[in-house]
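If you want the building blocks of each chain, they are given just below.
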Amino acid sequence: MTELVRLTDVIKVYQGGITGALNGVSLSIDQGEFTAVMGPSGSGKSTLLNLIAGLDRPTSGDVVVGGTNLGGLGEAGLARFRRDHVGFVFQFFHLLPNLTALENVLIPAQLKGRENADARGRKLLERLGIADVAGRYPARLSGGQQQRVAIARALINNPTLLLADEPTGALDTHSGEQVMDLLAQLHRDGQTILLVTHDAKLATRQASRVVSVMDGKIVDDARLETKERATSEVVRIRGEETSR
Amino acid sequence: MTAIVVKAIADLKRRRLQAAVIFVATLLAAGTGTMALTLLSQTHDPYQAAFEAQQGAHLQVAYDSRSDPKTMAATPQLLSATASGGPYPVTSLQFQAGSRKFGLDTIGRDDPGGPVEKLRITAGRWPSSNDEIALTRSFSDLNNIAVGQKIKVISVAQEPVLTVTGEVVDIDEGSADLSSQHAWMLSSAIPSLSTKDSSYYLMTYRFATDPSSAQLQADMDRLRFALPPGSVVGSVNYILIRNVFNITNQIVTSVLIAFSIFALAATAAIVANLVTGIVISAYREIGIMKAVGFTPRQVVAVFELQILIPAAAACLVGIPAGTIASQPLLANSSHALGLAYTPSFSVGLDLVTLAGALLIVALAALLPAFRAGLLKPVVVIANASSPRGRSGRGLRRLAAQMRLPRAVVLGIGDAFARPARAILTLVAIFMGVATITVALGLPRSFTAINNSETNAGNVDVVVRKSPALSDADALRIINSQPETARVVAETGNNFTLPGVGDPVNARVFRGDSSHLGYMVVAGRWFNVPGEVLAPKALLQDAHLKIGDHFNASVHGSVVPLVVVGEVYDINNLGHSLFMDWATLSAVEPEVSPDAYLITLTPGASVNTYVQHVSAAQPDLLDVEPNNTGIIPPVKIIDSVLLILMIVIALIGVGGIFNTLLLNTRERVRDTATLKAVGMSPRQVMAMVAASAGLIALVGGIIAIPIGVGLHRYLLDLISVSAGNDTPPAAYAVFGPLELVAIPVIGVLVAVAAALIPGRWAARTNVVEVLHAE
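So the protein lines, in turn, are chains F and V.
Number 208 in numbering that gives the first Met the number 0 belongs to position 209 of the first sequence; there are no gaps in the numbering.
Number 322 in numbering that gives the first Met the number 0 belongs to position 323 of the second sequence; there are no gaps in the numbering.
Simulated from the structure, these hints should not be mistaken for laboratory data.
Note that the Cβ used here is the ideal one computed from N, Cα and C, for glycine as well.
Among the hints, a few may not be true.
[As the list claims (entries may be wrong)] Not close to chain V: a few residues of chain F, all C-beta gaps over 10 Å, as computed:
{"hint": "1", "residue": "L54"}
{"hint": "2", "residue": "N97"}
{"hint": "3", "residue": "G189"}
[Claimed, not checked] In silico contact screen, one side only, chain V against chain F (beta carbon under 7 Å); selected entries:
{"hint": "4", "residue": "A225"}
{"hint": "5", "residue": "L226"}
{"hint": "6", "residue": "P227"}
{"hint": "7", "residue": "L394"}
{"hint": "8", "residue": "D669"}
{"hint": "9", "residue": "A675"}
{"hint": "10", "residue": "G677"}
{"hint": "11", "residue": "S679"}
{"hint": "12", "residue": "V768"}
This is chain F alone, in the form it adopts within the complex:
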C-alpha cells in the first residue's frame, strides 16, 4: 500500500494553552484506508484533522500529505493544496447560505478554474441521492441533505483524501446512518477517508482502522480486518473509555 499521510512527532500548542493539543503524534495513513480517529472532546482529534487538512500548522513536527510537506507551504500554497488534494466535510455542513446546493458543490471546482464542472456536480448530487434539490438554498434543505451537499462539495475536485469531522454530529440517527453508508460506499470505490468522531460505534462500523487519541497522544491504533474484530474492538474501546 502507498503511504498517503505521514505525521512525524507533531506537537501543537495553541496560544495561551498550558498543555499541547497534540503532544508528539506520529501517524501514517495509506492510500485507500478508511481511518477513524476517536477520542473524547478536547482529546486533540480535530486538531489532528485540521493539521492534515492544512487548515492549521503544527508547532513542531512534520505533516506530509501525498508527498508534500505542508510545513513548506505558504497560505496560498496551503489553499491550493486543500483545493487540489483534500475534501473536507464539517459537522455543521458550512454551506454558503446564499448559494444553491449545486452552486455550493461547484465552488471548489470554480476556485480551481474549472468552470465546466456542472455535469460532474450534478452527477455527484445524483450519486448522493439529492439531484432533486440542486436548485434549493441550504435553508430549505434537511440536515441530512445539507451534509450530502457538503460531501458532494468535498468530492468535486476528486480529492486524494476525504476528511470528515464529526459528519453525523448534527444529524438525527437515520440521517447519520445514511451519511455513514455514503462514506462507506465512497471508500469501497477507492476513496481514502479520515473520519473524526467521538462515537465508538460509528468509528468501528465502517472504518477499517481506529486511531484513539487521548490528551493529545495516540493511545491506540487498531486495524479491523473482520466484522468480528470490529465488534470486539467496539467493546474494548468502550470499556477503556468507561474506565477513563
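Since the structure of chain F is already known, use the hints to place chain V on it.
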C-alpha cells in the same frame, strides 16, 4: 441606567474601528456644517457694522460737471435725505507708479469726516496740500503702493507728481479686485487736474432707515424728473456695494451649505449602515441582553449611546474646528472694510449645530436600534446571525456569464446581498463622487468665465490711453507694430435706462469685438449700430428681453436701442451694456477710446511688443500684457471646493470601508468555509474588492449625472449671485472620457479601501472560526 452605560462603553471599546468611522464622518460633517452656518450668520455683520460706524451713503449720485451747485445742494431735501455729503468735484485721472499705470476717479474733499461716508484712515493722514493724495487701502494693497510713495499724474500735460499721504477704507465702494476705486485730494487741487469729459460732481445721501431697491429707484426717478435732462450721469447704491462685498462669502456659503447637507446625509447613511451591521452581528448578544433583563427600550438606548458618544466627541472637535476654519473668510471681509478683526461666532448657533448633528446621527441609528430592541430573545439566541435567502443570485449569474473568476463572481453577488446596506453605502459613495464631479467642474467653469471676462486667448496686450493723447496718435503707434494683428478700441459711458435707477455702464467697442470671447448666453453679438447686449440682471431690472426696442439716454441725448443678445458680465453684478462704437458716437461724436485690446500675430512675443509700444509713448500709454489671472475671490472659492472635495470623498471612502468591514465580519464563517474548500488569500481579497468595486461603480454611475446636474445648479446659483445667467460654454466643462474616468477612479479608490477588510478576511483563521460554533 448604569447597566446601559456600562454595556454601551464596553461595546464601544470592542468596536473601536466602527467608533473611529463614526467619529471621522461626524467630525467632517459637523466641521463643514459649522463653517457654513458661521459664514451664513456672520457674513452680513462686518459690512453692517462698518456701514453704521462710517455712516455709509445709501445712495451716491454723479452729476454732470455743468450742473448748478445750488440745484445739487437742494437735492437732499428733494430726496428727504437725513444727511448728505458734497457736491464733491471729481475727475478721472491716470497715474503712474513705477512702471504701473492706472486710472482712479479722484474726489476733491477737504475732510474725511462729515455726516455721510466717513472715511476711515488706516495708515498715514489726510492730504493737506494740492500735491498730496489718499488712496483706498484695498487699492494700495492690490498694487503694492505704500504711504509716502510718489505717483505721477499722466492724464494732464503738466504731469504733476503727488505724494500718497494716507490709506483709507471707504464703505461706499467695493474691493479693488472687484470694483473701480476712488482717490481723494483737496478740492482745490481738482480744477487744475480736470480735463474735458473727465469731470463730474458726486453727492452722497443717507436716509433715516435703510431704503429698499424700489425706494432707491423711486428716488432716482424723482431726481431725474426734477433736474434738467443729462444732469444725473451715474449713481450707485449701498445694496449693490454690500452685495459686491459679500459675494465671495455668499458663494462660499452656498457651496458649503450644499456640501454640508451632503456630508450630513452621507454620515447618516454610514451611521444607519453601521448600526444595522452591529445589530446583525450581535444577534446572539442581543438575545442574551434581553434574557438577562434589558427591556427593548434599554437595548435601543445601548445602541444609541454607543453611536452618540463618538458622534458627540466628533462634534466637540468639529464644531470649534469649523468655527476656526470660517474665521479667515470673515477676517478677509473685516480687513476689506477696515474693521479690526475680532473672532466672530455664535455660541447659540454652535449649540444648534451640536444638537442638529446629534439628532441626525441619533435618528439614523434609531431604526436599526429599534429592530434590535424588538428581537425575540429565543430566536436570536438560536440564530447567531440573521437569516439570508437568495440574495445576489441574479448578479452572480450575470457575472458568471461574463466568465469572471469565481472569487470575483462571489464578491459581485455579495455586493447587494443586503439591499439596505448597499443602498446606504451607495448614498455615501454617491455623495463622494457627485462632490468630486462638482469640485472638478466648478473651477473649470470659473476659468471659462474668467477667460471670457478677461478676453483670455483673444487679447494679448491691453493699451490704456491717457486723454492727453489723441486716438489717432495712439492708433498710429499701435498699427506701426508689425506684430499687431487686430485692434479693438474700447471706452465706457453711463447710459440711463427706463425703469433702472442707477445709470448703467456701457462698454463700447470699435473694431471686430465679436472675437473678444465674451460669452453670449442667448441671442447674438451686435452687428449694427443700435444693437446691444446686456447681462441677465440688467435685462430683468429693465424688464427687457431679446428683441425688445427701448430708448436709453446719455448726457441727455436719447439713443434708440434694441436688445439682440444676453451676455455674461459680472461687472456691477450684471449691470452693463455692450454696444458698437457707432451707437455712442451718433450722439457723442467726440468720444475717444480709453483702451485698445490688441491681438498679436501668431508667434509674436508679448513682452517684446509691450516694450516696443511703451518705448514709443512712455508717458501717455499704459501697455500691459493682458492680465488673465483668476481674481482672489474665485481662488478662495476654488480652495474651499478643493477642501470640500477631499472631506466628502473621505466620508465616501469611510462609507465603503465601513460596509466592507461589516460584510467581512458578518461573513467570516462563509469566508472560513471558502478558505477551507480551497480559496486562496488572494482570491479572498479579490472577492472583497469585487464587492467594493461593484458598489462603487453603481454609485459612481448614478452620481455622475447627478453631479453634473448639481454642478449646473450651483453654477446657476453663483451666476445669479453675480447677476447673470450661466452661459452654455460654462456648463460644458466635462469631457466624455472624464465622465467615464471619475467612476472608474471611484472603483479604484473603493478597491483600495477594500484592502484592509480584504486582508482581514484573507487572514481569517479557519479553525478558530469554524470551531466557534
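Would you list, in rising numerical order, the hints stated earlier that this structure does not obey? 1, 2, 4, 5, 6, 7 and 12
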